[in-house]
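Undergrad: Here the sequence shown is numbered in my numbering, starting from -7 and rising by one per residue.
Because the hints were derived from the structure by calculation, they are not lab data.
Some hints here could point you the wrong way.
Result set (DSS-like, lysine-lysine): computed pairs, CA atoms no more than 30 Å apart in a straight line [what the hints assert, rightly or not]: (1) K42 x K54; (2) K42 x K(-2); (3) K(-2) x K54; (4) K46 x K(-2).
Here are the simulated distance ranges between beta carbons [unchecked claim]: (5) E80 x A57: 13 to 23 Å; (6) A57 x E86: 14 to 24 Å; (7) S89 x E35: 29 to 39 Å; (8) Q21 x E88: 26 to 36 Å; (9) T27 x V56: 33 to 43 Å; (10) R91 x Q32: 15 to 25 Å; (11) S64 x D6: 16 to 26 Å; (12) S5 x E60: 21 to 31 Å.
All C-beta atoms, glycine included, are put in the ideal place defined by N, C-alpha and C.
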Amino acid sequence: METVVKTLERCYSDLSTRLQYLELVTRLQSAGTITFIERQIIEAETMDFKKNGKLVELLMRKNVAAFESFLSALSETGQDHIRTYLIETGQAIEAESLR
């Protein structure tokens, strides 16, 4: 779980500006990864980058299964480049911890 949080922290700025949140949030709610109330909290933000940031902040407080669901939702919504970026960042963080 520590690697997931570190990955999301390291990628926070990029995720805030690059995610296409609307379909992503719909899929995450359908999968049970986020609740209706959490979706409302995200959508209450007025700017897209703030909505993305709120989504990332919520994911940081969830378990590894939620992160895996997020990665799947990225693929399902045509955001594979972001999925790859997160996976590669996570691998780099794990490699750094082995040094």
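Undergrad: None of the hints should be skipped; say for each whether it holds.
TA: Evaluated hints:
no.	hint	result
1	K42 x K54	holds (19 Å)
2	K42 x K(-2)	holds (20 Å)
3	K(-2) x K54	holds (13 Å)
4	K46 x K(-2)	holds (16 Å)
5	E80 x A57: 13 to 23 Å	holds (21 Å)
6	A57 x E86: 14 to 24 Å	holds (18 Å)
7	S89 x E35: 29 to 39 Å	holds (36 Å)
8	Q21 x E88: 26 to 36 Å	holds (34 Å)
9	T27 x V56: 33 to 43 Å	violated (18 Å)
10	R91 x Q32: 15 to 25 Å	violated (43 Å)
11	S64 x D6: 16 to 26 Å	holds (19 Å)
12	S5 x E60: 21 to 31 Å	holds (22 Å)
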